[in-house]
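There are 4 protein chains.
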Amino acid sequence: MLEIALFGAGRIGQIHARNIAARDDTRLRYVIDVDSPSAARLAAATGATVVSPDVALADPSVRAIIIASSTDTHAELIQAGARAGKVMFCEKPLDLDVDRAAQSLAVVRDTGVLLALGFNRRYDPSFHRLKRDILAGKVGKVEVVSIVSRDPSPPPLAYIDRSGGLFRDMMIHDFDMARWLLGEEPVTVYARGGALVDAAIGAANDIDTAVVILETATGKLCQITNSRRCAYGYDQRIEVFGSAGLVRADNMTATSVETADAGGFRREPALPFFLERYAAAYRQELDEFIKALRGEAAELASGEDGRRALLLANAAQESLRRGVPVQIGI
Amino acid sequence: MLEIALFGAGRIGQIHARNIAARDDTRLRYVIDVDSPSAARLAAATGATVVSPDVALADPSVRAIIIASSTDTHAELIQAGARAGKVMFCEKPLDLDVDRAAQSLAVVRDTGVLLALGFNRRYDPSFHRLKRDILAGKVGKVEVVSIVSRDPSPPPLAYIDRSGGLFRDMMIHDFDMARWLLGEEPVTVYARGGALVDAAIGAANDIDTAVVILETATGKLCQITNSRRCAYGYDQRIEVFGSAGLVRADNMTATSVETADAGGFRREPALPFFLERYAAAYRQELDEFIKALRGEAAELASGEDGRRALLLANAAQESLRRGVPVQIGI
Amino acid sequence: MLEIALFGAGRIGQIHARNIAARDDTRLRYVIDVDSPSAARLAAATGATVVSPDVALADPSVRAIIIASSTDTHAELIQAGARAGKVMFCEKPLDLDVDRAAQSLAVVRDTGVLLALGFNRRYDPSFHRLKRDILAGKVGKVEVVSIVSRDPSPPPLAYIDRSGGLFRDMMIHDFDMARWLLGEEPVTVYARGGALVDAAIGAANDIDTAVVILETATGKLCQITNSRRCAYGYDQRIEVFGSAGLVRADNMTATSVETADAGGFRREPALPFFLERYAAAYRQELDEFIKALRGEAAELASGEDGRRALLLANAAQESLRRGVPVQIGI
Amino acid sequence: MLEIALFGAGRIGQIHARNIAARDDTRLRYVIDVDSPSAARLAAATGATVVSPDVALADPSVRAIIIASSTDTHAELIQAGARAGKVMFCEKPLDLDVDRAAQSLAVVRDTGVLLALGFNRRYDPSFHRLKRDILAGKVGKVEVVSIVSRDPSPPPLAYIDRSGGLFRDMMIHDFDMARWLLGEEPVTVYARGGALVDAAIGAANDIDTAVVILETATGKLCQITNSRRCAYGYDQRIEVFGSAGLVRADNMTATSVETADAGGFRREPALPFFLERYAAAYRQELDEFIKALRGEAAELASGEDGRRALLLANAAQESLRRGVPVQIGI
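Protein chains in written order, with the numbering used here: chain D, 255 to 584; chain V, 255 to 584; chain S, 255 to 584; chain X, 255 to 584.
Hint data in this document are derived by calculation from the structure and do not stem from the laboratory.
Check the hints yourself; a few may be wrong.
Note that the list lumps identical chains together, so a pair holds whenever it fits in one copy or between two copies.
Heads up, simulated DMTMM-like pairs for lysine to aspartate or glutamate below, C-alpha to C-alpha not over 20 Å straight-line [stated by the list, open to error]:
| hint | residue 1 | residue 2 |
| --- | --- | --- |
| 1 | Lys545 | Asp308 |
| 2 | Lys392 | Glu512 |
| 3 | Lys545 | Asp278 |
| 4 | Lys395 | Asp559 |
| 5 | Lys395 | Asp452 |
| 6 | Lys395 | Glu439 |
| 7 | Lys395 | Asp351 |
| 8 | Lys395 | Asp278 |
| 9 | Lys395 | Asp289 |
| 10 | Lys545 | Asp353 |
| 11 | Lys392 | Glu522 |
| 12 | Lys392 | Glu558 |
| 13 | Lys395 | Glu572 |
| 14 | Lys395 | Glu530 |
| 15 | Lys545 | Glu257 |
| 16 | Lys395 | Glu553 |
| 17 | Lys545 | Glu512 |
| 18 | Lys395 | Asp405 |
| 19 | Lys395 | Glu512 |
| 20 | Lys392 | Glu438 |
| 21 | Lys392 | Asp515 |
| 22 | Lys395 | Asp515 |
| 23 | Lys395 | Glu542 |
| 24 | Lys545 | Asp559 |
The whole structure should be built from the sequences, with the hints applied where relevant.
The following block contains the structure:
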């Protein structure tokens, strides 16, 4: 039985907690959260104990930690976890500051522990199949990747304020998808966007709508479009176009029902948000993490993947600000 | 330039007239219809002349005739046309009476002329491709054919009265599809149905809704469902299930537009009726007829196909009346 | 914590056992199976104990039993369970003999216990939505229900022999769907079919391919087609056609991936079989059963639903044998 | 009968010639082409006469001219036609040089004749419905337009050389679509691309793959992707995303046939190229032109639309060359 400590009892933390509880081979030992009632509720529901970070990290029976607390705590927890010799899984982003992120990764490297990054979309059955189809040569040489990612509605302004902005909070997932599917590092990014959904988001110095072009050194191209509002569900689609054809992953729906009347044929909206769309992805992500913990071969996004996505997000932010394409740092 | 005489200036006659006019190699010479104004209008629009049947049949420059007049005139015109040595195309059904139909076919056989039957669906690009896929072995051995055929709305009661009933007027097309796609003759038919759409149709001793099962001597099965009302357009679908898989033809739409909002995704209804759905089929049907006229290889439904479909319709009618499955005559 | 005893550690029993184990409010207390190793394995995996039927039924802490053992044990277990005052969930069919089924239901009625029947498809999210759409009037007055149900491949001949035949083993699900969706009792059934997939099934006096027509007293119609072989997955589709339109539930797939190349566009096959297609349905079915156990409102198929479906299956069998439509008993 | 003269007997000229011939109210009087055999063949097929440009322009019975000759002849013919008082329809682009284009438009303005531009996609039934849906408010306020346009295979290198490059030859259609659907003028363009399909195209100083971002003054965004090669047909898709939802137009296919086997479900490729995909659009385009000729209300792309699209193409070309976003001229 693998004992795991969970930092963060919020929305994502709860997903991980439930998935740990549902497995035969894992046990959620500790829940840590500054919000005591949340921690207590989640611990009670899963048979875990609420403790302080120090207790969790000091307990040698805890093999692994999952960091799903707020972004500003990630760097410190990663470094402490690494020094405590824990295998770690951290939600994105590593940090809003790329230097601090790099510093965390240096500690991880020095201690030799495993750090996996929570880019959940890599584990979605449809996107995973997309990736395998590319690797199997079904589209030939990849030429253009197109990513659509639209949230159903904007988060609260309070969240916007501490989110690091659309590129680091939301499009960072798409930057990871882009790198993963292109199979090459983008070298330039150009970003345009604005607050088309809610002027208050603009007043908070953020945007809610964006389009981006990435280009790799060999000339492969990627288009990304994001919106913080989408009337018809959580719009998560990817198309990969190559020399031999196309592979794409469409949205998923809860049922396969279609009705027809004088107004035509109707299907239901896309699954409402990430809890529903990526339910299987979160289970699979945990599964890969457990495999890695056991020393088995596993497909995991790494800390370096987290840093690279952050570099892209920062460059996109700079491109938006300056109105020109920006070279990606290394 | 092939000169053609057209009997019947109604809805179907007008389709043929326009298709003849649009070709470089055919000319509509004569239009014949008891409804003089209709005949005059159609003749004026196509450069044809209104004449009596005798004149058209006596003119040696007329190589072919198209019979699109009312059903009760078919037998006489076929026989007269055959005796005049014309190549003939006749709309379904041959006749409401199978003996009279057989008598017409005997005259055709004796005179050695070609008689093609207007089972337009055989020439629909989708159904034609379905047939070719079956012949190419894409479904392996055919096991079950399922046919859906629904008109958008019932015809006028006056039409119902002289139509010969749903099986001979409407389902006769599906019986032809069934024979064509099964590749074998059905030996039994079982039919159920009623006036679910309009009680007045029931009062006129007809039905507006029906389901039928056909079985061939080797045990292949066919399901047919018909309705005289369909809210979402002209519903024309076929599925052929075999040992190796399925091939199906869905409805067609005028555009590929889809809209999405909080209510989900919407596509437009199916094409409204046969003029739209089978526009290409009518052109292709004429094309095959012209090929045959020229002595080239052509795929045409024959007079015998018309008689066979009529036998199935009559057996279905008897099955409905008696409440038992009925053997198909030969 | 609701304590449950499970009779039958086979494929379906294992589904129920896992679903019971995954809930917070239920506990699998006992597993009973004549196949001791299967029972032991399942008990070990779920923390249950292997006991004899008598022990399970005699334990007052066991509130409910789930009967997923072989069909020939259902009647005896239902009667014993009813007399022991257990709330019961029984897999279909109740019995192969309608009189024995009726006898079991009489005992259930006398003892006043709840008996739910395992018609899992009623709980499938797509079919459940179909039913709600009908109740919401989206198709107007129901006129024709069309059900397609195809297994990926035939069961072993040994299973065929004791299955009671295609109608009682396989199509019984579709008969239940038909009753549920028509909202009326069928009064006649006509069935055709044969051994088109495997002659050995024919030699065993069963069929592997069938088409059926049902009709209700008010003239509503239902078509069903079954095959024991389907190349492209587990084909589970329903269309309900009514005065105002159509509602249909299509197959489900594991991913939303589509590839395109010179050969066209390709999507993956339907989910392979019932374990995958009805995974959510089995969970929802248990959920409804637990609700009923707690005295909450629940949508459950009843013992009488099981008997009615059996009557339809028997009538279909007789229709096939005699070659005529058969009236349904009451 | 409206008499029309056609300049250019190539691929597009032939489409127009056939469409003119198929109408009851138009007559193709003259065909003009430097390639005499082509002109002779097309004239013979349509009952027209081959003449020199002067003869055609001098004939007062000729009300309208269609300019479908090579791009370098457009400016001169437009000016000559305008001076001859002809109503004109000119294929895109107006010219490769925006100043020469403006000069032609000035002559048109001075003479007061009508000049329509051949942006055929505006008349495609699907894109036309898209536009109407936007105008009807189905997506709310337009935020992001995404256009996919991929040719099945690159044109000959000789054509590439005189084409003016991908932006002026191919993407110019998408620039027109963007303006038309955004309902506002783009003010900046950023373009990336390369010769990913064929290095010889790169050696000829052109590209075969491109992605572009346009932005309007109010912050509306447009993504365009082009490729000169597409394995699965002529890929012509548009999505318009707005505050209230999405409207999109997918590719069209020749049939609605789908096959299913162990490898899954297959549909045919998109229609192969513009002759097939835009057959209806070319007919509708002519129809609108004839309406305008008659003084009826007509929806036509204007000469100014042609100039605006050319400005966008030139700016995209400059953006690609300089690697920065470029402001659009006025």
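Verification of the hints:
1. Lys545 / Asp308: neither (26 Å within a copy, 43 Å between copies)
2. Lys392 / Glu512: Between. Shortest inter-copy distance 11 Å satisfies the 20 Å Cα cut-off; intra-copy 31 Å does not.
3. Lys545 / Asp278: Classified as within: same-chain Cα gap 14 Å, cross-chain 26 Å, threshold 20 Å.
4. Lys395 / Asp559: Intra 23 Å, inter 37 Å, cutoff 20 Å: neither.
5. Lys395 / Asp452: between (40 Å within a copy, 13 Å between copies)
6. Lys395 / Glu439: within (15 Å within a copy, 35 Å between copies)
7. Lys395 / Asp351: neither (34 Å within a copy, 36 Å between copies)
8. Lys395 / Asp278: Intra 42 Å, inter 47 Å, cutoff 20 Å: neither.
9. Lys395 / Asp289: Close neither inside one copy (49 Å) nor across copies (40 Å); limit 20 Å.
10. Lys545 / Asp353: neither (30 Å within a copy, 54 Å between copies)
11. Lys392 / Glu522: Result: close only across copies, 14 Å inter versus 30 Å intra.
12. Lys392 / Glu558: Answer is neither; intra-copy 28 Å and inter-copy 43 Å both fail.
13. Lys395 / Glu572: This pair counts as neither: shortest intra-copy Cα distance 31 Å, inter-copy 28 Å.
14. Lys395 / Glu530: Classified as neither; 33 Å inside a copy, 28 Å across copies.
15. Lys545 / Glu257: Classified as within; 14 Å inside a copy, 34 Å across copies.
16. Lys395 / Glu553: neither (22 Å within a copy, 42 Å between copies)
17. Lys545 / Glu512: Classified as neither; 40 Å inside a copy, 29 Å across copies.
18. Lys395 / Asp405: between (31 Å within a copy, 17 Å between copies)
19. Lys395 / Glu512: between (36 Å within a copy, 17 Å between copies)
20. Lys392 / Glu438: Answer is within; shortest intra-copy Cα gap is 18 Å, inter-copy 39 Å.
21. Lys392 / Asp515: between (38 Å within a copy, 8 Å between copies)
22. Lys395 / Asp515: between (43 Å within a copy, 13 Å between copies)
23. Lys395 / Glu542: neither (28 Å within a copy, 43 Å between copies)
24. Lys545 / Asp559: Result: close within a single copy only, 19 Å intra versus 46 Å inter.
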